[in-house]
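2 protein chains.
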Amino acid sequence: MYTKAFLYDFTTMVFMKMGCSEADAGIIADVFLAAESRGHPSHGMIRLRDYFELWKAGRINMNPDIRIVHESPSTAVVNGDNAVGMIPARRSMEIAIEKARAAGTGWVATFNSNHFGIAGYYSMMALSRDMIGICLTNANPLVAPTFSVSRLLGTNPIAVAVPALHQPPLIADFATTPVARGKLAIAEKKGEKVAFGFVQDKDGNPSDDPAILKSGGSMLTLGGDRLHGSHKGYCLSALVDIFSALLSGANFGPFVPPSVAYLPILEKKTGEGTGHFFGAMRIDAFQPANAFKAKMDEWIATFRSAKTATGEERVIIPGDPEREAEERTSREGIAIVPAVRNDLKAIAAELGLEFE
Amino acid sequence: MYTKAFLYDFTTMVFMKMGCSEADAGIIADVFLAAESRGHPSHGMIRLRDYFELWKAGRINMNPDIRIVHESPSTAVVNGDNAVGMIPARRSMEIAIEKARAAGTGWVATFNSNHFGIAGYYSMMALSRDMIGICLTNANPLVAPTFSVSRLLGTNPIAVAVPALHQPPLIADFATTPVARGKLAIAEKKGEKVAFGFVQDKDGNPSDDPAILKSGGSMLTLGGDRLHGSHKGYCLSALVDIFSALLSGANFGPFVPPSVAYLPILEKKTGEGTGHFFGAMRIDAFQPANAFKAKMDEWIATFRSAKTATGEERVIIPGDPEREAEERTSREGIAIVPAVRNDLKAIAAELGLEFE
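These protein sequence lines map, in sequence, to chains A and B. Its first residue numbered 9, the first sequence is counted upward by one per residue in this note's numbering. Its first residue numbered 9, the second sequence is counted upward by one per residue in this note's numbering.
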């Protein structure tokens, strides 16, 4: 078990060794540790190697000049300057919040960026300002639209954070696929099958093989198949792609650059880098903030006290599992699995650092 | 078969007989006919009886004063004055478009409204202005959150319209459930079973009985069950409810008033009427409009030419089926099933009109 502070310091030092400013390295570490402490290790320390390898390959910019290239009272387009995604993402969400202060809402589309960790992190930045926060991003193509076997879309997440008064905030943060890519990878490593409805083979036949992505298979959109509404998951994923890439000037769908160095840079480009989309809505641009937040308390209490299905213990409010993970990890520490620990040791050694 | 013009005139006259102004009646008829011509008769002429009965019961206001009650540069809250939903919805989307002209984007939350027909209609109003249009609404509670059997949510649709250049626009318009309520009703009338994953019984057991809603059952959210991501459909439906009701001041979730007169008015209120949420984003607040629209053409062409799964003929772009229905109905006319025809004849007779 590791403390959050230890892993934060280590991650900060790693990114400083790679050339980041201390401030930037701290932001990156903060997002890494948010993933770990909120129970999403798939977006935490395991990803350090990916950024490290991209840096060694000279494919990512450690001294970026993040800048607004176009704006209106409630919008901006931000050039991420090929930075580690957390840096332009955090800056873009700050701009959305600044815009919302003046205009009621703020909307920022960001291009020329990279993988930014957990989307929920940026949406949550709005909460302390009494705003609703929104964050979307496109991602490496692994997902086929309904009726297709072509990998044209990423797992394209949607994150929305809504403040409450005495209740904890409602925080929805989910991929637009039935299951996260990371869960397939874990099943594959264990040699286990997965449920039908997550992946298909290269011809579009249902599959329960999590390794099928290596032989031309693809992930399915939320809904699974057409009968069960996969075309709605396809709509969601498509909209996330269009907002993130086409409003910003990033690559769309199949042209999103790989977030790992072992995959080659794509030949065709339809824009610059990966794209994100951020929103901030000032609550009091609609309702008095405290009245709205009290109503959110009532909403949450209504849903939390709903009747459970037989065999279920409780009805969950979006964000409950992550908050409980945060309480648990702050008490017990953060576990790092042996394979990741070995990765971190190797990275530390290469950079002249230590990791035990 | 009926022509669109005939049904439009009839619907306009019906609403004028109920006391609407000619302009308002025309707007309502336009939304009804958009549903019919775009292949969604579940939101078309079949609904005329519901509004007629609400009017007879004195539960809906035919001479509304739709007004902005709060605003910021990019937002407004609109009081729908208990009107037929199409009137405040159309006005609210116009306000969102006006706000977007000045501020880059416009966002309007509307309370004290009623059922407004198809959400896609309002999102499409943005297209001719080179804007992206967004429309959400809450609806009568039929849907249970993950792990629950309580009917706390509506089928809460999401509609987004994105303009293209030479290609037709992308128009996503979908309920946040695997299947629409109307499809269950049709299966029930035919005495057919439905697929598992759409509904559950009063204890939360899987069911294939479309009539289960009459014996304490509930609809499931997109994803179907927890394993296949129903918690993501629950997040979507919850967010639609919160944006539509809590930002506007309408009733949330289980307290949304019935859109039919045969159900009693609920005792508890958490706001006024049904709630909607509208958005308009000026494309050129982000990118030059024509460059964006040309990129949308490229996006659409990429997805349309994707490799199909075995046995599938083509990959569909959101909006394709509705556009094709529009072409078909404008050529062949609009079919009205006997039960609805009889309803319309009866309504016509009561109002001193004719329907053949």
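Check the hints yourself; a few may be wrong.
It does not matter which identical chain is meant; a pair holds if it fits inside one copy or across any two.
Listed below are the simulated PhoX-like cross-link pairs for lysine-lysine, each with C-alpha atoms no more than 25 Å apart in a straight line [unchecked claim]:
| no. | residue 1 | residue 2 |
| --- | --- | --- |
| 1 | Lys353 | Lys315 |
| 2 | Lys301 | Lys198 |
| 3 | Lys277 | Lys301 |
| 4 | Lys222 | Lys191 |
Hint data in this document are derived by calculation from the structure and do not stem from the laboratory.
Checked hints:
no., hint, in the structure
1, Lys353 <-> Lys315, "neither (48 Å within a copy, 43 Å between copies)"
2, Lys301 <-> Lys198, "neither (44 Å within a copy, 46 Å between copies)"
3, Lys277 <-> Lys301, "between (44 Å within a copy, 17 Å between copies)"
4, Lys222 <-> Lys191, "within (15 Å within a copy, 38 Å between copies)"
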